[in-house]
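Hey, can you work out the whole structure from these sequences and the hints?
First residue of the sequence shown? That's 8 in this note's numbering, and the numbers climb one at a time after it.
Hint data in this document are derived by calculation from the structure and do not stem from the laboratory. Note that the coordinates shown come from a computational prediction; the quantities given were computed from them, not determined experimentally. A hint or two may mislead.
Simulated pairs of lysine-lysine, BS3-like, Cα-Cα distance not exceeding 25 Å [stated by the list, open to error]: (1) Lys40 - Lys57; (2) Lys204 - Lys189; (3) Lys55 - Lys65; (4) Lys56 - Lys40.
Quick list of the computed label-pair ranges, beta carbon to beta carbon [said to hold, decoys possible]: (5) Ser197 - Arg140: 17 to 27 Å; (6) Thr163 - Asp194: 25 to 35 Å; (7) Met59 - Arg129: 29 to 39 Å.
All residues carry an ideal CB built from backbone N, CA and C; glycine is no exception.
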Amino acid sequence: MEFIESISKPQPRTQGGFKFIHMSSPADAAAFKTQVRSHAARNPRARKKKVMRHQKEKRAEEVHGQELEVVPDTRSSKSQGPVYAHLDTSAVATGHVARILCAQPVDPFDSFCRPLNPMEHRLLDHFARNVIRYIVTCMPFQVPGDEARYLKGMTTYMIQTAAADSGMLSTLLLASCQSLSKFRHEDAFSTVALMYKGQCIASINDALRREAPVVSDLTLTKTLALAANAVRLLPALCPRHSHSTFRPCNG
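Pasting the structure below:
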């Protein structure tokens, strides 16, 4: 009797419900993808939530990517100072290039002849946006758009040359420091400008020893750029020099 009652009792239903298994031939793959996309397009609420979740994750990655650490330079024997690297390395495993690249507009791939610190990235950006139009002498153009195209071409040439030669890179950074010293933090930028000027002079001297008696176009470009930087300082230095020269006579 007890055996009959145990059989007549309904068995409890397992949790989980029904399980559907999609089975289709490879020939129907394109039609199935179209059907899935159509279903997603008919569900705007879920799509909106997905977009908001993606934007939130992206903002969190950007905030986390701003944390920096100092690591030693191992790409060249002549280290130019500390190199800043991102702490977030989880994005490398995902394979998304957009997450690995930094937000620097000049050299996101870190392809210059030497690593650049964050301040040098900003100095190069200032050079490309503001300094180039004041250091390049343009003859009057008949067509209005020719001057803009000329400046763009010169900017591209100088940035590409600086990426391949450390002396040219120091020349551009020197010009940016001199430009910024006119507006704020004159002492700080003037001190950094002297450092870049010394690097440029050392690069020119080394090139002259290697290339003599026929120097390359790059060496001539660096020499003329260094001379142009010195000429731009003459109006500001002449009054100071004259004042210091004639001050003992007045006393």
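Cross-check of the supplied hints:
{"no.": "1", "hint": "Lys40 - Lys57", "verdict": "holds (19 Å)"}
{"no.": "2", "hint": "Lys204 - Lys189", "verdict": "holds (17 Å)"}
{"no.": "3", "hint": "Lys55 - Lys65", "verdict": "holds (15 Å)"}
{"no.": "4", "hint": "Lys56 - Lys40", "verdict": "holds (21 Å)"}
{"no.": "5", "hint": "Ser197 - Arg140: 17 to 27 Å", "verdict": "holds (22 Å)"}
{"no.": "6", "hint": "Thr163 - Asp194: 25 to 35 Å", "verdict": "holds (33 Å)"}
{"no.": "7", "hint": "Met59 - Arg129: 29 to 39 Å", "verdict": "holds (32 Å)"}
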